[in-house]
Structures are given as C-alpha cells and as structure tokens.
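**Student:** Sequence:
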Amino acid sequence: MNKPVIIFCATALGKSVLDIFKSNQVVVYGFLDDDKKLHDTEIEEVTVLGATDDASFLKIIGKDCDAFIASDDNKWKASMIRSLREEREAMPVNAIHSTAQISPSAVLHHGSLIAQGVRIGANAKVGNHCILHAGAIIDFDATIGDFVQIGAGSIINSAVVIEDGAFVGSGATIVSGVTIGQNARVGAGSVVIGEVGKKSTVFGNPAQKVK
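With our numbering, the residue at position 81 of the sequence shown is 81, and numbering never jumps.
Worth flagging that the hints you see were computed from the coordinates, not collected in a lab. On a predicted model such as this, the values are computed, not experimentally measured, just so you know. Incorrect hints may appear among the rest.
Said to hold, decoys possible - In the DSS-like style, the derived pairs of lysine-lysine whose C-alpha atoms are separated by at most 27 Å in a straight line are:
no.	residue 1	residue 2
1	K22	K77
2	K198	K209
3	K3	K77
4	K59	K3
5	K15	K3
6	K125	K198
7	K36	K75
8	K15	K75
9	K199	K125
10	K125	K22
11	K15	K37
12	K22	K63
13	K37	K59
14	K3	K63
15	K77	K199
16	K209	K199
17	K59	K22
18	K36	K22
19	K77	K63
The task is simple: from the sequences and hints, build the whole structure.
**Tutor:** Below is the structure:
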C-alpha cells in the first residue's frame, strides 16, 4: 500500500484503524466524520478534515488516496461503499495490523479490519468489509462472509461457515463445521455446537436460541 489513507469515522473504531495503519507505516491523510464538533480537531496528530460527504476530500479518493470505512453500522457502511464505488470507482482497502498472522493460502477480500494478534489459517476465506477484533482465530478452511464482525478472542474453528452480516461476540467458540446463518448473532462467551439459523440470536454454553 503506497497511497495515504482517509479514514471515515473518527470513533473509537477509527482510532483503532489509525493504530493499524501506523503499525504498517502507512500515512493517514485524515479523518472524515459527520460530527461537526470534531472537525479541525486532531487525533494523534491526524486531523478530522470534515464530513463524510465533503466533495473536496472525496475527489482525491481513488487516484491519490485510499479509503477505509471504520464503522460497525453495516447499513451505513454499505451505503458509503456504494457511493465510493459508483462515484470514485474506489474500493476500501484492508487495515491489517502488523502483528496479525495470515496464512499465505488464506484469501482476504476488501475493506476489512484485521486487528492485532488475529490469526487466519490455511485456506480460510474472509469476505469484504469484515471486522476481526484483537486475538480472534480463524482456523483452516473456515469461510467468513461479507460484513461479518468477530469479537476479540473468539475462536472460529476449522470449516466453519459464517454468512453475511453475522455477529460473533467476544470470547465465543464456534466448533468445527458449524454454519452461522446470515445476520445471526452469537453472544459473548458462547460455545456454539450446532447450526445457527438466519437472523437467530444464540447465547450460552452450549449456545441456545434466545427468543
């Protein structure tokens, strides 16, 4: 990655992304955030330049600058990504911490946050615009869909499939071969030993459906 990066959202997640880019000596051009109180302030000497729809900064994305969208609001994030692709023909880059361990045979798509200490095993696949928090383990042959969030210290065992938009809380364990359905939610610390249906929420050890 040779271009500087603009980070969308100067939230706690945005600060984490700044740390990731700094760990790789990537220059962060600035933040864009819709909170006007943050405009012209600095975060670790990086300026909050303006709003996320500020054309004067958006116009440099693609040719002169890359972008990363640091939000866990999947609906808003998807909207911003569509805008970047349609208007700037640009796709958000990955933010991968220098301490992450990723197998050479793993496949990473676009716009994902891979935090410190994450481990991704052989032949694992990670989709677009995911968030893998610190210390998460994605074992071999696991498949992670788009817009998935996996909490700190979670263990996703071999051949697990996590479908688009799913959320796995911190410290959860998903046993080998299990499928977590689209937009499903797994509570923090849960141990999932069976299939989790689309839009279902499960919690506990072993995890049970929450009604």
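**Student:** Hints the structure violates: just list their numbers, smallest first.
**Tutor:** none
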